[in-house]
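Novice: What follows is each chain in one-letter form.
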Amino acid sequence: MQEATFMILTALANGAQHGYGIITDVQEISGDRVRLRPGTLYTALDRLCADELIAVDREEVVEGRLRRYYRLTPAGSERLGAEAARLQAHATAALTRLNLSGGMAT
Amino acid sequence: MTDETNLERRYRRLLVWYPRAFRRENGQEILDVLMACARPGQSRPGPAASADLITSGLWMRLRPRLPRSAPAVRAAVRLMYAGAAVTALSLIMATISLASIGRRAATLRVAGRNQPFPVALTVGIGLGLVMIALWLWMARASSEGRHWARIVSTVLFGLATLYLVGSRGVAQVVFAVVVWLVGLGAVWLLWRPTSSVFFQAQDVTQVGPRP
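The listed protein sequences correspond, in order, to chains A and B.
With this note's numbering applied, the first sequence has no gaps in its numbers, which climb one by one up to 107 at the end.
With this note's numbering applied, the second sequence has no gaps in its numbers, which climb one by one up to 197 at the end.
It should be emphasised that the hints constitute simulated quantities derived from the structure, not laboratory data.
One should not assume that every hint holds.
Unchecked claim - Quick list of simulated restraints, FRET-style, between CB atoms:
#	chain 1	residue 1	chain 2	residue 2	range
1	A	A85	B	L44	30 to 36 Å
2	B	R(-1)	A	A85	35 to 41 Å
3	B	I78	A	A94	44 to 50 Å
4	A	L67	B	P53	22 to 28 Å
5	B	H133	A	C50	20 to 26 Å
6	A	Q28	B	L48	42 to 48 Å
Unchecked claim - From chain B, some residues computed to sit far from chain A (all C-beta separations above 10 Å):
#	residue
7	M46
8	Y67
9	R126
10	L148
11	A162
12	G171
13	T180
Just so you know, even glycine gets a beta-carbon here, dropped at the ideal spot from N, CA and C.
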């Protein structure tokens, strides 16, 4: 899974959000390291909708402008959970080895 | 204020790289997000933002949007892109070999008759380009769920069978066989039961009233 995809799914994990909300949320989650560009974001959203990992939750009109809210589907939650577990296993392995070789003090 | 409208207009121009249907659906929203992300007083899109819009738009045009529930259509569309790639490859190879033959032979047999070399080369390249265009057209129409795409693809496959029977020379036969097999695979996939469900569902949404 690409990092952008992982971050978008994570942003949607605790509730529906619209495009701009996802961008600011991902920026916050990643500590300002990942800044999604709108082109990339909407291409990814379209792809994720087609893959049925996310779905359009609702549409709202704010100041005359349409805002589409996206939410995770059950399949999307499952995929994100599996990917997070995989990354966690890798991170744990790395930290354990660093610890064993004296690279990390606990 | 004029800065903002200038920026908006420039962003809007970059959105033409996206497929029209996608633009109609999401264009204004992307534009709003782009404007929300803009720095105060910014009057033109930055190079990175422009590159992102262009590559994302092209990527969407090249990668068909197909639901997971239609794996056979996805596979068929991939095969059609492979067919286009094989045709392009053989066109390049044929052009190179024709160009080297051209130094020795004044006439060539193309499309069933002997022709002066420049005519033969033009006809050969033209036919190749038409074939590539047909592959891409069918891939696109199928991914959009056009019901006629299945029928036209099947007819074109029939023509490919005739081409296979009529081809001579090792290279031409090998190419014709590969193209025929790719076509066979694609047509077979297009007529799978899951594909029929996909095409029927798309047909309903296309016939229905547009918002």
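Novice: Hint by hint, note whether the structure agrees.
Specialist: Hint check results:
no.: 1; hint: A85/A - L44/B: 30 to 36 Å; verdict: 31 Å, holds
no.: 2; hint: R(-1)/B - A85/A: 35 to 41 Å; verdict: 40 Å, holds
no.: 3; hint: I78/B - A94/A: 44 to 50 Å; verdict: 47 Å, holds
no.: 4; hint: L67/A - P53/B: 22 to 28 Å; verdict: 23 Å, holds
no.: 5; hint: H133/B - C50/A: 20 to 26 Å; verdict: 23 Å, holds
no.: 6; hint: Q28/A - L48/B: 42 to 48 Å; verdict: 29 Å, violated
no.: 7; hint: M46; verdict: 6 Å, violated
no.: 8; hint: Y67; verdict: 17 Å, holds
no.: 9; hint: R126; verdict: 15 Å, holds
no.: 10; hint: L148; verdict: 36 Å, holds
no.: 11; hint: A162; verdict: 34 Å, holds
no.: 12; hint: G171; verdict: 22 Å, holds
no.: 13; hint: T180; verdict: 15 Å, holds
Of the hints listed earlier, those the structure fails to meet are numbers 6 and 7, in rising order.
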